[in-house]
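Since the structure of chain A is provided, determine the placement of chains B, C and D on it from the hints.
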Amino acid sequence: MSVIVDYYNYWVVVFLMMAGFYTVIAANNLVKKIVGLNIFQTSVFILYISMGKVSGGSAPIVAEGITTYSNPLPHVLILTAIVVGVATTAVGLALVVRIKRAYGTVEENEFKDKDDLI
Amino acid sequence: MFEQHFLILPIVLPLMAAPLCILLGQRQLAWLLATLVSALSCVISVNLLYAALDQGVLSYAVGGWAAPWGIEVRMDAASAMVLSLVTAISTLVLIYAKASIEKEIDSSRHTLFYTAHLLCLTGLSGILSTGDAFNLFVFLEISSLATYTLVSLASDRRSLTAAFRYLVMGTIGATFILIGVGMLYMQTGTLNMLDLADRIAQSGPSRTLNTGLAFILVGVSVKLALFPLHMWLPPAYTHSPSAVSAFLASTATKVAVYVMVRFIFTIYGVEYVFHNMGMDLILLLLAIVAIFKCSFMAMAQSNVKTVLAYSSVAQIGYMILGISLASAAGLMAGLLHVFNHALMKGALFMAVGAVLYRTGSVDIKAFRGLGKKMPLTMAAFVIGGMSIVGVPLTAGFVSKWYLVTAALEQQHWLIAFLILLGSLLAVIYIFRVIEAAYLKKPDESAASKDIKEAPMLMLIPMWVLALGNIYFGLDTTLSVAAAESAAQWLTQSSMSVGGGQ
Amino acid sequence: MILETISNILLIVGAFFALTGAYGLFKFPDFFTRVHAASVTDSIATILLFLGLILRTDFDLVAVKLVFVLVFVLLTSPTASHALAKSARHGGVATLAESNNKDNTDG
Amino acid sequence: MAELINLLLLGMLAVTALGVVFLKDLFAVVMLFGIYSFLSALIFVNLDAVDVAFTEAAVGAGISTVLMLGTLSLTGRQEKMSGHKTLLPLLVVVTTGAALIYGTLDMPPFGNPENPVHQHVALRYIQDSPQEIGLPNMVTSVLASYRGFDTLGETAVVFAAAIGVLSLLGLPKQDRAAIESGLESHLVLKVVAKIIIPLIILFALYVQFHGDYGPGGGFQAGVIAAAAIILYALVFGLPLATQVVQPGLLKALAALGVLLYAGTGVASFFLGGNFLDYNVLAADPVAGQHLGIILIELGVGITVFAAMLSIFYAFASKAERKNIQ
Chain A
1 MSVIVDYYNY WVVVFLMMAG FYTVIAANNL VKKIVGLNIF QTSVFILYIS MGKVSGGSAP
61 IVAEGITTYS NPLPHVLILT AIVVGVATTA VGLALVVRIK RAYGTVEENE FKDKDDLI
Chain B
1 MFEQHFLILP IVLPLMAAPL CILLGQRQLA WLLATLVSAL SCVISVNLLY AALDQGVLSY
61 AVGGWAAPWG IEVRMDAASA MVLSLVTAIS TLVLIYAKAS IEKEIDSSRH TLFYTAHLLC
121 LTGLSGILST GDAFNLFVFL EISSLATYTL VSLASDRRSL TAAFRYLVMG TIGATFILIG
181 VGMLYMQTGT LNMLDLADRI AQSGPSRTLN TGLAFILVGV SVKLALFPLH MWLPPAYTHS
241 PSAVSAFLAS TATKVAVYVM VRFIFTIYGV EYVFHNMGMD LILLLLAIVA IFKCSFMAMA
301 QSNVKTVLAY SSVAQIGYMI LGISLASAAG LMAGLLHVFN HALMKGALFM AVGAVLYRTG
361 SVDIKAFRGL GKKMPLTMAA FVIGGMSIVG VPLTAGFVSK WYLVTAALEQ QHWLIAFLIL
421 LGSLLAVIYI FRVIEAAYLK KPDESAASKD IKEAPMLMLI PMWVLALGNI YFGLDTTLSV
481 AAAESAAQWL TQSSMSVGGG Q
Chain C
1 MILETISNIL LIVGAFFALT GAYGLFKFPD FFTRVHAASV TDSIATILLF LGLILRTDFD
61 LVAVKLVFVL VFVLLTSPTA SHALAKSARH GGVATLAESN NKDNTDG
Chain D
1 MAELINLLLL GMLAVTALGV VFLKDLFAVV MLFGIYSFLS ALIFVNLDAV DVAFTEAAVG
61 AGISTVLMLG TLSLTGRQEK MSGHKTLLPL LVVVTTGAAL IYGTLDMPPF GNPENPVHQH
121 VALRYIQDSP QEIGLPNMVT SVLASYRGFD TLGETAVVFA AAIGVLSLLG LPKQDRAAIE
181 SGLESHLVLK VVAKIIIPLI ILFALYVQFH GDYGPGGGFQ AGVIAAAAII LYALVFGLPL
241 ATQVVQPGLL KALAALGVLL YAGTGVASFF LGGNFLDYNV LAADPVAGQH LGIILIELGV
301 GITVFAAMLS IFYAFASKAE RKNIQ
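Protein chains in written order, with this note's numbering: chain A, 1 to 118; chain B, 1 to 501; chain C, 1 to 107; chain D, 1 to 325.
To be clear, the hints were calculated from the coordinates, so they are not data collected in a lab.
It is possible that some hints are incorrect.
What the hints assert, rightly or not - Cross-link-like lysine-lysine pairs, in silico, DSS-like; alpha carbons within 27 Å at most: (1) K190/D with K173/D; (2) K100/A with K173/D; (3) K190/D with K86/C; (4) K103/B with K100/A.
Said to hold, decoys possible - Partial selection, computed: residues in chain D whose CB lies under 8 Å from chain C: (5) H186; (6) V188; (7) L189; (8) V192; (9) I195; (10) I196.
We treat Cβ as the ideally placed atom computed from N, Cα and C, and that holds for glycine.
Only chain A is shown next, with the shape it has when bound in the complex:
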């Protein structure tokens, strides 16, 4: 029982990550691949934030009467990672727009019929 209380958070996060990961590698549409990538990354963010939580703690902003704070370091790391994520998303979507213009399609299986693999 205590195993479940201790780890349920991580297990759900693993499920979410894998849902995103599956979407990236199995989706046929390039936009959906990017959405999957985002879901994958967001789930990893939840993993990091989960490890920074202290039961009974509060947000790491100094306030009177509070002695237990959650760990600020994972928050900082994830702030950076979120920015990296949106940067990748923007470039990826720009590529999708260009691919649509150059090939007329964004469906992966339709490329294989033409001259390129993706």
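Chains B, C and D only, in chain A's frame:
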């Protein structure tokens, strides 16, 4: 007064030059600035290399905060060696790029090309210098984003799909590394590499650390295109502009190899990775499969850039093979091959780029008769090709020699034999191109008659690298000393940490 | 004490309206009635919930911030509903009455 | 109670993620992703990460979703076929998931204050940073000072993304003839937009300069300010927006922000400190830290604002051109 800041300058200089390029807005000025900054970084890096060989390790606390609370920039022989290599190649590629991109990239995007190149250089220098596991991820992403841009700059539409595939796989790899670093942090509470090594040695193996290692290794393997995660590399190298292919082939994957070395030897330690988890066998098998599968793939291609791209994946196999031997000699051979392979692939891709510049094609048919029309370019190609094969008196021979010696040192006769057999395959795919250039008759159409030698700005960097192949094949003092000291430093620190258990 | 009771009542009623809004969003038959249900959540439920929350503060900076948020939501949410409905109309989505008429004439 | 809310939110996340996997309507998929982002922002609040929640809501649910919708308008909203190769991906995913579950089994338990994560490096941030840096928001202290080098890298990433998108899509040309566009008939929208756009910009400034004391900072402020202009462009049309905030200016601003950040670091060289050492920027170390953090947060804010807005411009200009054709 800047000596104590030398460690950070190879990162900060290109980082500040990149936005300056945008502000200058004029492509000639941007080129000049980028080349100068890159050359300056190179001078500083070589300086650092000598300092690192002298003093062992250099450290710099960014923001004045001591590690592990702040981010530390650390330089030892291994990082200084690869950093000197990367900055040197970057400078040569920038000189080469000026002429090369004229024909391959729309002129309105030249400033963006130089900016992206500088950002990529920033990222690579950052990866090589940092002593912090998360900071490494950030710089990895800077270099990756810049790389996706660089690949997609070519006017060929296939560069778009190549860049997209690279982006998806690269981001998955980076996210895997992020998961792995998270697991490390979760178990140790720190991100500084040395501190991590101490705490992993204290706590001993655990499932979380094992999983973390697995994820980091898979993530890095995507970045360094280890078979079977190499699928992004051939299209990316084939369809990107020649200057970009030359730069990426000789730096990006090399830096990824360095990251793998860092995680295996500095953070986890040989004991943990190879003895407890048995990673050496997996890496060894993948490396050998990579050498053979991709050498055969290289033989079947008609696009010379694709030939070279598959050859890169095969050569990466040699580097990983050296690492997987788990000995100082093997690691040293691996690092030496990192250095030498950068020289040969740089020269080869530059030669192919020059052919593209003059003939407009990189198909093997376009090479027919070029031995007479572009003698200097093809001579550089031959030197680079011989180096890949491992002909004596070239740099490639030196690293293959050390690799075979390292394998024999551990009585791995079969591995030594396979390394030699792999070189034989390289003879075949390189010789196909050389045969076309020197032995086949050119087609006598009107267009092919005015093919001339490549312009000076392309020939000079190409020949610097080609001569580098010969120089480091004859005089091995610097490269071998650097690789040896790097390997000793890495295995020693890893052993001493392992011994602390 | 009294404040807390009032706050509780406000919060419960607010939550009730939020729930009905969500329920309506699923149950109502066409686009426009659904927008109507959704805007119940935006307006009355938001007002009640925020008032309930304000009563729970010490009437300090937090209360002021809550008032700001409330004003902002009251400005934007109805506008969003309006824009939705108008675009739907513009794009040719028929109301319930219209589609009924159409069915009758067709039949 | 907090655990219960957490569990509920995680459940909703799981449902949303499944929706993304199985739905074929890409518009719905993108909307579900926005919801996914919002839900994870709620989880972040519940797990005490207010700064992260703020950013996730602004970026994931805001900018990313807008960009995805913009892409959809150009590429079509239906995924034509899927499941052309489900077995291998499923195998890969199950293996990876199994490896992760295996890894979790001896992880430090969730929320336990004895975990190594809370015992080592983080202690100094929590105990000493209010004195060393002088700011109540520890996240800002760590972000801008202890790990300021990471944040410099992050700014460079945003800049790199802007460069990438510009090289792929290009910036819109200023076209005075096309000024009469936008949502002409939506009078209510126009009036309300006029009221709230100044408020949004005011809020962005508040977030920018209050980030030292509460949640917020340069990144969030930059995104919010960009959102204000994006709203303007949506309601009044892209050509008018490019008159107000010119694309060329944005390019320069994005570069200037990076230079401001790195320049602050270099200034420390000349004052005798290490790179990004703010202690030397003023006579008193704490005052120096404060000055340094304000400067670099400003750099981050400027770059993020300019980069996000030029990325939006690039996407929007492609959409507009398509509509005209």
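Now for the hints, and whether the structure bears them out:
no. : hint               : result
1   : K190/D with K173/D : holds (24 Å)
2   : K100/A with K173/D : holds (22 Å)
3   : K190/D with K86/C  : holds (14 Å)
4   : K103/B with K100/A : holds (25 Å)
5   : H186               : holds (6 Å)
6   : V188               : holds (5 Å)
7   : L189               : holds (5 Å)
8   : V192               : holds (4 Å)
9   : I195               : holds (7 Å)
10  : I196               : holds (6 Å)
The structure fails none of the hints (numbered hints given earlier).
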